[in-house]
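Visitor: Sequence:
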Amino acid sequence: MKRFWTDVAIDADRVVTLDGKPVRTPGRRPLALPTDALAQAVAEEWRSVGETIDPRTMPLTGLANAATDPIANDPAQFAARLAAYGESDLLCYRADGPPPLVERQAARWDPLLDWARARYDVTFAV
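So for the sequence shown, the numbering used here puts the first residue at 623; every next one is plus one.
Calculated from the structure, these hints are not laboratory results.
Don't take each hint at face value.
The calculated DMTMM-like cross-link candidates involving lysine to aspartate or glutamate, where the alpha carbons are at most 25 Å apart (straight line), are [stated by the list, open to error]:
#	residue 1	residue 2
1	Lys-643	Glu-667
2	Lys-643	Asp-658
3	Lys-624	Asp-696
4	Lys-643	Asp-711
5	Lys-643	Asp-629
6	Lys-624	Glu-666
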């Protein structure tokens with residue numbers, strides 16, 4: 623697809639705009655970013671586009687799209703999928719020994735599980 627815009631900006635809701643119109647996700651939602659820094663970085667990707675849009679040169683836009691659409695469409699389903707993945711991940715299936723490894727796993731992974739519990743109200747069996 624050819625470049626069709628001249629101006630890239632960020633609106634008050636941290637949505638990157640092209641000639642005043644919001645960049646949209648594949649799910650057709652305005653791509654609202656959670657931080658000013660990320661909005662600036664995504665806007666810079668759009669400013670850097672040459673004559674033709676190449677998604678391979680826009681990794682932050684791609685990641686933001688992937689993070690936005692599944693959560694926005696159905697937060698409960700997203701949390702359930704995240705929990706199902708967690709059940710088979712090393713976050714939940716840990717080493718029985720040696721003790722230093724067990725301690726390192728707990729120190730590194732328990733905070734992630736605590737965050738997921740608080741953020742998505744899910745429970746993990748470790």
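Visitor: Any of the earlier hints contradicted here, and which numbers?
Guide: Violated: hints 3 and 4.
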